[in-house]
Amino acid sequence: MRVKIEHLTKRFDDAVAVDDFNMTFEDGELVALLGPSGCGKSTTLNMLSGILPVSEGHIYFDDDDVTNVPPQNRGVGLVFQNYALYPHMTVLENICFPLEIKKVPKEERIKKATEMAKLVQIDKYLDRKPKALSGGQQQRVAIARALVKTPRLLLLDEPLSNLDARLRLEMREEIRRIQQETGVTTIFVTHDQEEAMSISDKIVLMKDGHLQQVSDAQTLYDDPHNEFVASFLGNPPINKLYGYIKDGNFVLEDGSATVKVNNPNVKEGQTVVLGIRPEATQLNDKEHDLTAVIKQRYTMGKEELAFVNVGNQTIRVYLSSDYQYAVGDTVYIKLRQKGSFLFDRETGARI
Amino acid sequence: MAKKNKNGSNDAIFNRKFEPLIYLIPFALGLVIFTLYPVVNVVIMSFKEGYRLSGAFTGVGFGNFTKVLGDKNFMTAIKNTFIYVFTVVPISTVLSVLIANLLNKKIKGIAFFHTAFFLPLVTSSIAVGLVFKYMFNRDIGVINTIITLFGGKPIDWLGAIAGTGPYNLAAVIIFGIWNIMPFTIILLLSGLQNIDPLYYTAAEVDGANSSTIFRRITVPLLMPTIFLTMIVNLISCFKVYNEVIPFWRGEAGVTGRNLYTMVYYIKEQFYTNRQLGRAAAASIILFLIIFVFTMLQRWIQSKVDN
Chain Y
1 MRVKIEHLTK RFDDAVAVDD FNMTFEDGEL VALLGPSGCG KSTTLNMLSG ILPVSEGHIY
61 FDDDDVTNVP PQNRGVGLVF QNYALYPHMT VLENICFPLE IKKVPKEERI KKATEMAKLV
121 QIDKYLDRKP KALSGGQQQR VAIARALVKT PRLLLLDEPL SNLDARLRLE MREEIRRIQQ
181 ETGVTTIFVT HDQEEAMSIS DKIVLMKDGH LQQVSDAQTL YDDPHNEFVA SFLGNPPINK
241 LYGYIKDGNF VLEDGSATVK VNNPNVKEGQ TVVLGIRPEA TQLNDKEHDL TAVIKQRYTM
301 GKEELAFVNV GNQTIRVYLS SDYQYAVGDT VYIKLRQKGS FLFDRETGAR I
Chain R
1 MAKKNKNGSN DAIFNRKFEP LIYLIPFALG LVIFTLYPVV NVVIMSFKEG YRLSGAFTGV
61 GFGNFTKVLG DKNFMTAIKN TFIYVFTVVP ISTVLSVLIA NLLNKKIKGI AFFHTAFFLP
121 LVTSSIAVGL VFKYMFNRDI GVINTIITLF GGKPIDWLGA IAGTGPYNLA AVIIFGIWNI
181 MPFTIILLLS GLQNIDPLYY TAAEVDGANS STIFRRITVP LLMPTIFLTM IVNLISCFKV
241 YNEVIPFWRG EAGVTGRNLY TMVYYIKEQF YTNRQLGRAA AASIILFLII FVFTMLQRWI
301 QSKVDN
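Residue numbers (the numbering used here), protein chains in the order written: chain Y, 1 to 351; chain R, 1 to 306.
Source of the hints: derived by calculation from the structure; they are not laboratory data.
If you're wondering where the values come from, they're calculated on a predicted model, not measured in any experiment.
Hints should not be assumed to be uniformly reliable.
[Claimed, not checked] Heads up, simulated DSS-like pairs for lysine-lysine below, C-alpha to C-alpha not over 27 angstroms straight-line:
hint : chain 1 : residue 1 : chain 2 : residue 2
1    : Y       : Lys106    : Y       : Lys240
2    : Y       : Lys106    : Y       : Lys118
3    : Y       : Lys338    : Y       : Lys302
4    : R       : Lys267    : Y       : Lys131
5    : R       : Lys72     : Y       : Lys102
6    : R       : Lys17     : Y       : Lys129
7    : Y       : Lys338    : Y       : Lys240
8    : Y       : Lys103    : Y       : Lys149
9    : Y       : Lys106    : R       : Lys105
10   : Y       : Lys124    : R       : Lys267
11   : Y       : Lys129    : Y       : Lys111
12   : Y       : Lys111    : Y       : Lys131
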């Protein structure tokens, strides 16, 4: 099912949680709503499920306007952050419950629930109570319960945040597998960029209730629309050098360095931010854009990372393992085109 | 050196073991004097025949128990007490669950209803019993007024006219239910507030209506609290006494005998008849009955939990 959101807005008293949100989720897509805490991603999810009423705007499921349709009539399956499995019911009863409400005959109910349990690989534990299951198993039951009524849309609220690191890796693959096997349009909320990038077809990045960028993970990383997108994604985070444009080139704030930028959109005198992904730096003695002094070094297994001073600003760069560098050494840095971005200092917009 | 160390550590163990006991003494002393001693003494008293407050008694044996169990009034007391317990506890539980569920909803003016339902808790049951006496009045009571309003015949709740005997007990039961509900509702309400509202949201998204949610989610999740209130109420209802006193000037029913309850019987044996041994024996029987039913209920609960 295709989901279309038009001018979606949510206000709580005076605070605007989601502001004029427009977006289309295509049929069968797995989409991540990504953003820092309080960006409105969960609010958006709750409006899609119908739990939260919409302040302004419209939600369409295919061609139906469901803006004012109550949750139970929307045909959505919802997986809560802490799963909300009924503690007094067994796994089977939990999965059966949505069908029980729909007055599906008992035999059919159990047959369907068992099928679902097989899909999420929890069929060994049908007689157990939720508290006798691990977090990952509870998550599987919650997904099975959400899917058993064959919803048009599956919504997951921070599905992995209650799991430990190892289970998290396992469950995110599982969510991907289950989603692909059922083909249900799925939207999940996360604040973890890695989670979003690893399994989703599309990422919706939000901040302060505003949509920042919608695209697949790689595009989001390689071609950020603004400074926030560039700095939110990536680990280690993107470097930022503050400066201005002079003669079409980037000049560091204190005037100590000049970097050539082949960007026809820059204006003379414009204050800008030069975003440089750490992997877009290359140590090169012959040909270089920046001269820097090593301030601190970190060895992280196969790579060596260093904080270096460029003028009076600090950036992270990868050191080559061929040489032994010491703190205080001068290094020459060449910037790659890919992974270096110019942003307007005022608006944060990409230039 | 080694010996000194050993001694040192022994002192430490002594301190760790016995120091807390010293702090416990004031409380333990109170417990022994005011709780343990009377309980043990009642047991001893129940086996002393012809016991007087002076300490004199005529013999030791089961005489008090056989006398009490052979007493027609005690049988009336057991019958009345059982009827009282097995009407008041279930009815008040069901009503309290329904009302607590309503009070748990976020609606305007809920504070008014909270106050209204919890008012009996801060009133004296004897004082309110006197008010109820007038409400139960055959001719001018509000209860009969309502009954006649709906076309019923007025009931002589507290009277002695032949054929209205059972109404004496019914009046006590109605008053008992009213009296016990606020406490039950408070316990249930706190139980309800411990239920994660997310379960309701989850059920609503699945399309459950409020009666399904109540039946399939609320009540099962509230079950531990319901069992708790039932045990507490069972015990307190077996000890019914205050509810009988206001209606017939302190007498047990309109004839003075038809509304014996177990505690009323004990009190009468003790104060009126000065039969201290029999009063003690009746107390032991009451204790055993309560004990058996509490155990039974706990056993049922453990079955339900699994």
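Given the hint that lysine 103(Y) pairs with lysine 149(Y), test it: the Cα-Cα distance must not exceed 27 angstroms.
-> holds (12 angstroms)
Hint consistency between lysine 267(R) and lysine 131(Y) [alpha-carbon to alpha-carbon, up to 27 angstroms] | violated (50 angstroms)
Is the straight-line distance between the alpha-carbon of lysine 106(Y) and that of lysine 118(Y) 27 angstroms or less?
-> The hint holds at about 18 angstroms.
Do the alpha carbons of lysine 124(Y) and lysine 267(R) lie within 27 angstroms of each other, as the hint requires?
-> violated (61 angstroms)
Is lysine 72(R) within 27 angstroms of lysine 102(Y), Cα to Cα?
-> violated (58 angstroms)
Take a quick look at whether lysine 338(Y) and lysine 302(Y) sit within 27 angstroms of each other, Cα to Cα.
-> holds (22 angstroms)
Given the hinted pair lysine 338(Y) and lysine 240(Y), is their alpha-carbon gap at most 27 angstroms?
-> holds (15 angstroms)
Could you grab the alpha-carbon distance between lysine 129(Y) and lysine 111(Y) and see if it respects the 27 angstroms cut-off?
-> holds (19 angstroms)
Does the alpha-carbon distance linking lysine 17(R) and lysine 129(Y) stay inside the 27 angstroms limit?
-> violated (42 angstroms)
Keeping to a limit of 27 angstroms between CA atoms, is the pair of lysine 106(Y) and lysine 105(R) held or broken?
-> violated (32 angstroms)
Pairwise hint evaluation, lysine 240(Y) against lysine 106(Y), where the allowed Cα distance is 27 angstroms at most | violated (61 angstroms)
Are the Cα positions of lysine 111(Y) and lysine 131(Y) separated by 27 angstroms at most?
-> holds (24 angstroms)
Violated hints, listed in ascending order, are 1, 4, 5, 6, 9, 10; each of the other numbered hints is respected by the structure.
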